[in-house]
Amino acid sequence: MSSPDLNVSHVARLARIALAEEEVTTFQDQLGRVLEHIEHLKKLDVSGVEPTAHTHPIFNVTRQDTPGASISRQAALGLAPRTANNLVIVPKVVE
Amino acid sequence: MMDLARLTASELQQGFRAKAFHPVDVLRALESRIQSVDPTVQAFLSRDFEAALRRAETADVSLPLGGIPIGIKDVINVKGDPCTCASKILQGYTAPYDATVIERLRAAGAIPFGRLNMDEFAMGSSTENSAFQTTRNPWDTTRIPGGSSGGSAAAVAACEVPAALGSDTGGSIRQPAALCGCVGLKPSYGRVSRYGLVAFASSLDQIGPLARSTRDCALLLNAIAGRDPMDSTSLDQPAEDFAAELGRDLKGIRLGIPKEYFVDGMDPRVKSTIEAAIQQCAEHGAELVELSLPHTEYAVSVYYIIATAEASANLARFDGVRYGRRADQPKDLMDLYVRTREEGFGSEVKRRIILGTYVLSSGYYDAYYLRAQKVRTLIRRDFATAFDKADVIVCPTSPDVAFPIGERTSDPLKMYLADIFTIAANLAGICGISVPCGFVHEGENKLPVGLQFLGKSLAETRLLGIADAYERASGWSKENAPI
Numbered sequence: 001m002s003s004p005d006l007n008v009s010h011v012a013r014l015a016r017i018a019l020a021e022e023e024v025t026t027f028q029d030q031l032g033r034v035l036e037h038i039e040h041l042k043k044l045d046v047s048g049v050e051p052t053a054h055t056h057p058i059f060n061v062t063r064q065d066t067p068g069a070s071i072s073r074q075a076a077l078g079l080a081p082r083t084a085n086n087l088v089i090v091p092k093v094v095e
Numbered sequence: 096m097m098d099l100a101r102l103t104a105s106e107l108q109q110g111f112r113a114k115a116f117h118p119v120d121v122l123r124a125l126e127s128r129i130q131s132v133d134p135t136v137q138a139f140l141s142r143d144f145e146a147a148l149r150r151a152e153t154a155d156v157s158l159p160l161g162g163i164p165i166g167i168k169d170v171i172n173v174k175g176d177p178c179t180c181a182s183k184i185l186q187g188y189t190a191p192y193d194a195t196v197i198e199r200l201r202a203a204g205a206i207p208f209g210r211l212n213m214d215e216f217a218m219g220s221s222t223e224n225s226a227f228q229t230t231r232n233p234w235d236t237t238r239i240p241g242g243s244s245g246g247s248a249a250a251v252a253a254c255e256v257p258a259a260l261g262s263d264t265g266g267s268i269r270q271p272a273a274l275c276g277c278v279g280l281k282p283s284y285g286r287v288s289r290y291g292l293v294a295f296a297s298s299l300d301q302i303g304p305l306a307r308s309t310r311d312c313a314l315l316l317n318a319i320a321g322r323d324p325m326d327s328t329s330l331d332q333p334a335e336d337f338a339a340e341l342g343r344d345l346k347g348i349r350l351g352i353p354k355e356y357f358v359d360g361m362d363p364r365v366k367s368t369i370e371a372a373i374q375q376c377a378e379h380g381a382e383l384v385e386l387s388l389p390h391t392e393y394a395v396s397v398y399y400i401i402a403t404a405e406a407s408a409n410l411a412r413f414d415g416v417r418y419g420r421r422a423d424q425p426k427d428l429m430d431l432y433v434r435t436r437e438e439g440f441g442s443e444v445k446r447r448i449i450l451g452t453y454v455l456s457s458g459y460y461d462a463y464y465l466r467a468q469k470v471r472t473l474i475r476r477d478f479a480t481a482f483d484k485a486d487v488i489v490c491p492t493s494p495d496v497a498f499p500i501g502e503r504t505s506d507p508l509k510m511y512l513a514d515i516f517t518i519a520a521n522l523a524g525i526c527g528i529s530v531p532c533g534f535v536h537e538g539e540n541k542l543p544v545g546l547q548f549l550g551k552s553l554a555e556t557r558l559l560g561i562a563d564a565y566e567r568a569s570g571w572s573k574e575n576a577p578i
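Sequence lines, in order, name chains F and D.
Last residue of the first sequence? That's 95 in my numbering, and every number before it is there in order.
Last residue of the second sequence? That's 578 in my numbering, and every number before it is there in order.
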């Protein structure tokens, strides 16, 4: 059973993940069944119910704007797959 | 001679202070135990014994956790240690800073020791989704340890460490604790800082302890809890001793029994074990109160919408640019992203990112994500009503005992549905604990069953007191795995 609305290849592109043909078929079937299960939520009347984003609503958390210790540039760059001249290197994005 | 590896954290603390043995002796005993059992259990992804030994040599045993080694789930950053989240995408990554919980453990004198296996990015209920190895249940090594903190639970149950930290997004501390026969606590949302925990679902994730006694969980919570300026969702609460109600009894405690948690579909042997445990609570003076959590049947659906939506956003950071793995010879930036993520993520992570991206995508947001958030409100209200009638809720942790390795890997929906008893606590932000309550016999093996107590938000002290009272009345947590 697969959901008519779910196009796994399209969503994978949105999520920036390449998928093998085989995975597309498997996910289509497995996620189709998950979405079918989720359908029962539509039975519930939620009119007038506020959504919960966080269980403890906390707003406008502020702190003093005081400088503190941080990770050094060298330590941060040391984690990157490619660097040069104190920069992270990626394939060319601007012609 | 006493086997130091089998002592609880509280027993180690007493022994250190009485000078019966030294933290170095304990660390050596644990290392020797790991060398003998971990080739089978496979709980550890890595560990640095020499570094831990240096800390043990200079440990200050007057501190609350002085000299006590604590295993760390591979999702929490420990400066200088790998932090792979059991994913190929973070292979080779070394944490450049300590998570707040690690800073606090160190301040309490503890020794973070070893990286414990897990489902990749904490997505799973069996630890089979690790990219690196299959952890085995110490009670029956042909079975899964539960998940996603399966390495933490197995290491504690196999006496490779006295205690460990895990993380719980939908039951990932409590369920493996139940399946491995140890104690696992999920604190209330906001109780413990998430700074340095690699995020899966930010509105649900909490770090918590796994140990061989409720008392030890309270000691660890005392060390790690509290407001942290680095996590704006951590709550500012007055200082509290979470061990304050340890040693109490069950007299007059109102135990709520939700009728929706005792339905068909669970292993009948688990059901009868849980019912016997609840009867035992009643015999020790607890008052049993039947109640209803009417939206229970929707919890799994709400969870798999909200958790995957948040995961799809959180895991966008793994793009092969600033850290972790990068695909070879990318032809352009898009190719770098899509191939890095294809090669770096395992199937379950891809599945959840795709589901999460879908439920947030234009045209579907209201139907899925917004609706799920509204039903989340209904689930929270269920608990608020229930806690008017009961001090804590008592129920199973898992509908099943540990299942054979490989049995459910092809059926994600079945795997998801087994999270039914643990998920609602995360959605509601309340605290929960799983304690051992007996065994199911399977051939020659005994498989542990976990009893779950759920408490209202920020009621950990009461929850731990009640769990400890049950533990002492039943004696189950004294049993060690046969390995």
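Calculated from the structure, these hints are not laboratory results.
Any given hint could be a false lead.
[What the hints assert, rightly or not] Mimicking DMTMM-like on lysine to aspartate or glutamate, the simulated pairs with C-alpha atoms at most 20 Å apart in a straight line are: (1) D:LYS509 / D:GLU443; (2) F:LYS42 / D:ASP461; (3) F:LYS92 / D:ASP423; (4) D:LYS183 / D:ASP414; (5) D:LYS509 / F:GLU39; (6) D:LYS183 / F:GLU23.
Taking the hints in turn, this is what the structure says about them:
{"no.": "1", "hint": "D:LYS509 / D:GLU443", "in the structure": "holds, 13 Å"}
{"no.": "2", "hint": "F:LYS42 / D:ASP461", "in the structure": "holds, 11 Å"}
{"no.": "3", "hint": "F:LYS92 / D:ASP423", "in the structure": "holds, 15 Å"}
{"no.": "4", "hint": "D:LYS183 / D:ASP414", "in the structure": "holds, 13 Å"}
{"no.": "5", "hint": "D:LYS509 / F:GLU39", "in the structure": "holds, 16 Å"}
{"no.": "6", "hint": "D:LYS183 / F:GLU23", "in the structure": "holds, 18 Å"}
Every hint, counting from the list given before, is met by this structure.
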